[in-house]
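Those protein sequences? They're chains R and A, same order as listed.
Count along the first sequence from 1, add 23, and you get the number used in our numbering.
Count along the second sequence from 1, add 23, and you get the number used in our numbering.
Be aware that a few hints might be false.
Since copy identity is lost for identical chains, a pair holds within one copy or between any two.
[As the list claims (entries may be wrong)] BS3-like, lysine-lysine: derived pairs with alpha carbons at most 25 angstroms apart:
#: 1; residue 1: Lys56; residue 2: Lys181
#: 2; residue 1: Lys79; residue 2: Lys221
#: 3; residue 1: Lys183; residue 2: Lys247
#: 4; residue 1: Lys272; residue 2: Lys310
#: 5; residue 1: Lys310; residue 2: Lys238
#: 6; residue 1: Lys247; residue 2: Lys310
#: 7; residue 1: Lys310; residue 2: Lys245
#: 8; residue 1: Lys53; residue 2: Lys79
#: 9; residue 1: Lys136; residue 2: Lys261
#: 10; residue 1: Lys56; residue 2: Lys132
#: 11; residue 1: Lys56; residue 2: Lys79
#: 12; residue 1: Lys272; residue 2: Lys56
#: 13; residue 1: Lys310; residue 2: Lys261
#: 14; residue 1: Lys230; residue 2: Lys56
#: 15; residue 1: Lys181; residue 2: Lys272
#: 16; residue 1: Lys124; residue 2: Lys99
#: 17; residue 1: Lys99; residue 2: Lys56
#: 18; residue 1: Lys79; residue 2: Lys247
#: 19; residue 1: Lys245; residue 2: Lys175
#: 20; residue 1: Lys124; residue 2: Lys166
#: 21; residue 1: Lys132; residue 2: Lys245
#: 22; residue 1: Lys247; residue 2: Lys175
Since the hints were made in silico from the structure, they are not lab data.
2 protein chains.
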Amino acid sequence: MQLVECVPNFSEGRNRDIVDNIVASIQSVKGVKVLDREMDPDHNRSVVTFIAEPDKVGIAAFEGIRTAARLIDMTKHHGEHPRFGASDVIPFIPISDVTMKECIEISRKLGQKIGEELNIPVYMYGNSALLDVRRNLEDIRNKNFQYEELSKSIGDPKWKPDFGPSLMGTAGASIIGSREPLVAYNVNLNTTNLDIGKRIAKGLRAKDGGLTFVKSLAFFIKEKNMVQISMNLTNFSKTPIYRAFELVKLEAQRYGITISDSEVVGLVPMEAIVEASRYYLQLNSFKTDQILEVRMME
Amino acid sequence: MQLVECVPNFSEGRNRDIVDNIVASIQSVKGVKVLDREMDPDHNRSVVTFIAEPDKVGIAAFEGIRTAARLIDMTKHHGEHPRFGASDVIPFIPISDVTMKECIEISRKLGQKIGEELNIPVYMYGNSALLDVRRNLEDIRNKNFQYEELSKSIGDPKWKPDFGPSLMGTAGASIIGSREPLVAYNVNLNTTNLDIGKRIAKGLRAKDGGLTFVKSLAFFIKEKNMVQISMNLTNFSKTPIYRAFELVKLEAQRYGITISDSEVVGLVPMEAIVEASRYYLQLNSFKTDQILEVRMME
């Protein structure tokens, strides 16, 4: 089954009715599955996670964005998290049987539709960026440049939107794009020594000579009385889970420290788990469609 | 998603029309997915593999059995494989989110329906057996006791069917039951020495002091120029793939032989693959519903 994930961020984290309305709009599209929603009152921001087949995911996002534009007034919005608009950032993520190219197309088609039909200025970011300077989200919108600043600058050629008018309404602007799925992965060590943990975490990070698509930090976890290496794997196809796990093990060995266990936080694409079995069992020619449940989905 | 597999064997392996008709009856039930069908002309026998949710799987099997009873005449059937009836053996197998108990109930309910509505004598076997002596398929039907012999003996109290009449018609009798899923798993060794392969295969087998739910043989595979340990894992929940793999590796080590690769033949339940990742990554608390695709199926 072809599956795309979408994780839109909306600038409302306090009024449950408004968030319910937005989620209902997204869910009104048949075949869409809302997996999660998180409201953060301090940030005054909600994050919705949903999955759908490629032909549905953009339609569902459009419905959510339209409802958010109707119910959220950015001129009255305050919160700690930087934001551009009612529907702030909308990334599309390939999960299963879908290429990044398809996600780029979905996001750009949505950007154009939002610009033309809802008159909302749209900036394309990530893999979907049309301008290189708009590739990194932080280079577009940050603590020092958000809704209020963009409202003043949107007439500048530098801030001409990729789609939609050079004009800010109450819905503000949206940032639409695509990115790789992210796997939140922790390894717990049989030690309470945080200094050692920090050295291990450092050895894993790309900029310190570690693995390209790993972001890592070490924490002391009180409830476990253990040090945890907490990682974000930003491209599990290129830097798979097993490689990160084995490198933690390898680095821990020099201090005589063993691994207690590891954990995937939240959800993970099937391929990321299957690839670990493929590696350890040397199951090199195994195809995901040999899995019975996958056949059922087809 | 709750998923049950059913693998009915029909006593027709030469006439494609008849097999097409049987498969069409099975597929006529909504939500049923036929994964495979194999016709064997020598055995004059077909094996159909399908999956469905628990409330559908028995209905689909019933439709297939009804069509087989209509189109196959056992008085005219010849073939190498032992057989009791038009629909010969019908096992139900728990695949996902389903207990063996549920499969036993499905199979017994079907047995009763077949007996009452189609007037076919039914013997329950495997985990579904109502009599202990009918637990093993080979103790019911074998080379020396099949359709012809049962036709003569069905009046004996010993052969009183579990459901249906003590009377054989042109559809013969059916053997219905439930069993664990079977994983066909091979490990290829970097050696051409079949004697060593045989010793490794022996070390794996339950009766020779190996693993309880492993059946194993060693073959020389010409195309690969390698010895292969070919296994059937008859209960992967109790004897998981990783344990069989690691034991092959361990036994091979004493001869200085390494593993080239391993392979799953055909289809496999997701849980069997996930469990290997859980073991090697020490991902002890990982739940299958953390897999995005599984959420989509729910």
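Hints and how they fare:
1. Lys56 <-> Lys181: Intra 38 angstroms, inter 55 angstroms, cutoff 25 angstroms: neither.
2. Lys79 <-> Lys221: neither (43 angstroms within a copy, 54 angstroms between copies)
3. Lys183 <-> Lys247: neither (51 angstroms within a copy, 61 angstroms between copies)
4. Lys272 <-> Lys310: between (28 angstroms within a copy, 23 angstroms between copies)
5. Lys310 <-> Lys238: Cα proximity of Lys310 and Lys238: across copies only (24 angstroms, versus 29 angstroms in one copy).
6. Lys247 <-> Lys310: between (37 angstroms within a copy, 20 angstroms between copies)
7. Lys310 <-> Lys245: between (41 angstroms within a copy, 24 angstroms between copies)
8. Lys53 <-> Lys79: both (8 angstroms within a copy, 24 angstroms between copies)
9. Lys136 <-> Lys261: neither (33 angstroms within a copy, 54 angstroms between copies)
10. Lys56 <-> Lys132: For Lys56 and Lys132, the Cα distance is within 25 angstroms only inside one copy (21 angstroms; across copies 34 angstroms).
11. Lys56 <-> Lys79: both (11 angstroms within a copy, 24 angstroms between copies)
12. Lys272 <-> Lys56: neither (37 angstroms within a copy, 43 angstroms between copies)
13. Lys310 <-> Lys261: Classified as both; 18 angstroms inside a copy, 24 angstroms across copies.
14. Lys230 <-> Lys56: Intra 37 angstroms, inter 49 angstroms, cutoff 25 angstroms: neither.
15. Lys181 <-> Lys272: neither (48 angstroms within a copy, 62 angstroms between copies)
16. Lys124 <-> Lys99: For Lys124 and Lys99, the Cα distance exceeds 25 angstroms both inside one copy (37 angstroms) and across copies (59 angstroms).
17. Lys99 <-> Lys56: Classified as neither; 31 angstroms inside a copy, 53 angstroms across copies.
18. Lys79 <-> Lys247: neither (42 angstroms within a copy, 45 angstroms between copies)
19. Lys245 <-> Lys175: Cα proximity of Lys245 and Lys175: none, with 47 angstroms in one copy and 74 angstroms across.
20. Lys124 <-> Lys166: Classified as neither; 31 angstroms inside a copy, 58 angstroms across copies.
21. Lys132 <-> Lys245: neither (47 angstroms within a copy, 53 angstroms between copies)
22. Lys247 <-> Lys175: neither (50 angstroms within a copy, 69 angstroms between copies)
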